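Given chain X, put chain B in place with the hints provided.
2 protein chains.
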Amino acid sequence: MTGPRLSRRSALGLLGAAGAAGAVGVAGGFAAGAAQDGAPSGTDLAVPFHGKHQAGIATTVQQHLYFASFDMTSTADREDLRALLADWTDAAARMTTGREVSPEGAVGGGPYKPPDDTGEALDLAANALTITFGFGPTLFDGRFGLAGRRPKELVELPSFAFDLLEDRFSGGDLCIQACANDPQVAVHAIRNLSRIAFGRAQVRWTQLGYGRTSTTSKAQSTPRNLFGFKDGTANIFSDDTSDLAASVWTDGSDQSWMAGGTYLVARKIQMLIESWDRVRLEEQEAIIGRDKGQGAPLSGGTEFSEPDFDVVSTKAGGPAIPETAHVRLAHPDRNGGARLLRRGYNYVEGNNDLGQLNAGLFFLAFSRSPLQFITIQRSLAGDALNEYIRHIGSALFAVPGGVRPGGSVGDGLFT
Amino acid sequence: MTGPRLSRRSALGLLGAAGAAGAVGVAGGFAAGAAQDGAPSGTDLAVPFHGKHQAGIATTVQQHLYFASFDMTSTADREDLRALLADWTDAAARMTTGREVSPEGAVGGGPYKPPDDTGEALDLAANALTITFGFGPTLFDGRFGLAGRRPKELVELPSFAFDLLEDRFSGGDLCIQACANDPQVAVHAIRNLSRIAFGRAQVRWTQLGYGRTSTTSKAQSTPRNLFGFKDGTANIFSDDTSDLAASVWTDGSDQSWMAGGTYLVARKIQMLIESWDRVRLEEQEAIIGRDKGQGAPLSGGTEFSEPDFDVVSTKAGGPAIPETAHVRLAHPDRNGGARLLRRGYNYVEGNNDLGQLNAGLFFLAFSRSPLQFITIQRSLAGDALNEYIRHIGSALFAVPGGVRPGGSVGDGLFT
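First to last, the protein sequences are chains X and B. Per this note's numbering, the very first residue in the first sequence carries number 813; after that it's consecutive. Per this note's numbering, the very first residue in the second sequence carries number 813; after that it's consecutive.
Simulated from the structure, these hints should not be mistaken for lab results. Note that this is a predicted model, so its numbers are computed, not measured. You may find that some hints are simply not true.
[Claimed, not checked] Ranges between beta-carbon positions, derived for each pair:
{"id": "1", "chain 1": "B", "residue 1": "1199", "chain 2": "X", "residue 2": "1010", "range": "18 to 24 Å"}
{"id": "2", "chain 1": "X", "residue 1": "1144", "chain 2": "B", "residue 2": "887", "range": "50 to 56 Å"}
{"id": "3", "chain 1": "X", "residue 1": "980", "chain 2": "B", "residue 2": "1084", "range": "18 to 24 Å"}
Built from N, CA and C at the ideal position, the CB exists for glycine as well.
The following block holds chain X by itself, in its conformation from the complex:
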């Protein structure tokens, strides 16, 4: 063998101060990875893995996503699950600091075994990587003796109008959300966690996303979805702790292991791009309820003005924001105050035989109860947008609270 062997850590060290910053936590816990105006910044930032809540929820949204749903393949006993979660936790805590998946890493441990780490992130810093774990309803079906630990609200979502769900994009015993400012870092994390799961859990489905469609910080500009509209203007902001407490974090009064946790709804929403692209501008804006250029509600003002649903259009005579407009039906006032912390990403996956794009929105939303999503989604049955979208994947996960140093994600399940 020639030359010195580099671990991911030592490779970073060679970069000097900028690289070394990859292993430095950011004070405040949830402030890392802020990106403005689409600029992929935060390359060298590391988001703390441990804390009261899991990272990747109130963390400022990163530029890239790789999401995986897993099914347990081992049904031996719940120690297999417990050990898997402990192994995942150790690896995740390391990778979020920009280190390799284990101390032996990609090129350590001698030449006579497969490397622990697959190596494709060797020269890359933490890139604000967050790794967030969740548990699906099926994990509590009795295979692991956890039926008594199931939160009452963790049941399959009901059917909604216009659902066209496919099993290959839906469900799962476990999920991992990896977000980072470099796609290779996010993919590397899921790939190596999948390897660790070998013989215990297997990937059920995955989703690559880019170009966030939400903002969770006032420091971020509002990005656009593939219909060309700003998306996420009215999202919950990560620095608004009272909104987070009211709408996102669970208190553990049902199941104590859910204290500091939340629920995650994942929906794969295909967009009928070519149909939408033939809709005239005024109709597009009436469907959304906002103007396309700056994202202001059609009732007037600027992007962050509150929509006024009583304003009458002088031109049309009816309401300036139509009764079927997305912004009206999704608004908290229409839904008993229900709000969601959204973390969506655009996806593009080639074309069908007609040359049409397979593309859309991978919708991720956190809330203290699944009922918040259910309420809003039922209201959206009347949404004019339904002509141009198809919900083709769906999953619900309970996201346990944060991990304390020395602990494992979800270890409260086993106490």
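Showing chain B alone in chain X's frame:
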């Protein structure tokens, strides 16, 4: 309608100096978008569209790719093709400066027609976007009266050992390569060029790629492919004009419209990730012929040391770089001096029913003759790496020379 309407150009103006730089060309022509150590820089850079050669070939490799192959659907006459290329040229020249696809744009032109621009890149700067056009062998089959304009070497590639090509990832009358430092900018470009083609050409296949696997500038660090190895160490550099002249640019002696052009080989190479990840480190390194940590040849030295194929391994007794090593079989000394300008990207496209990754390398290589690729690929029939990869897509395109201001890409075809 409420508030002022923003065009992409005026939206950029609001960002001030940083945004305004999006419309400023970079002196030198091929220096834009340089990124170091995986940091996605170059957000605000614009790469000149016009020049002796098309941009996106010797241009420093950007972080993201969206590639599309098209088939002509119109066979009316060659004026349809000529008009399509003129329309594509106008739109591409605009978008590469960070502007919308047309002067009317996403929110201009009045409310009673579909917008010209789909809008999802409205707030994004040029991001070093390059748009590169190519012509497949089938374009010269007689439908457009161009049989006499076909370069002699523009014929389907021969079959190679281990080819498992699929029609849905192969061929095409035309291609467009869009590279940018933001994936939304690259996807937006192809989407809007596809719309312009409506009724004349239709997407045949597309490919999203991220995390370049090549470097074309000494200012860039060498990135890693999904096998965890540095890829592109021995690539042709964009600042080495004599290498480019010798190996990349065609002179037009066969067809005058190819002066300043090149040939593009695109190969979709699936990687058998799970199999590779079970190979021990020493064997992985013997297959590649380099060490995994820093990428030095197994004959000694550092990453950029020339491999010495005569060095004998003191441990194994045989050559330090095995006879079947990838680096040996791909080396110019083995292939009559043949070299390629590579511009590859990693791709990840979900999982199969066994939970295995659909992932690999989208290989793009430019050369002054397809024979350079054919020679090297034939040599690789003995490559130990073949156990872990599958070539599943293939296409060859003739890439015409650069566009002069006022002209259209490929307009030499019609003179």
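Taking the hints in turn, this is what the structure says about them:
Look at residue 1199(B) against residue 1010(X): about 20 Å separates their beta carbons, and that is inside 18 to 24 Å. For residue 1144(X) and residue 887(B), the hinted distance range of 50 to 56 Å is satisfied, since their beta carbons lie about 55 Å from each other. A hinted range of 18 to 24 Å for the beta carbons of residue 980(X) and residue 1084(B) is consistent with their spacing of about 21 Å.
Of the hints listed earlier, there is not a single one the structure fails to meet.
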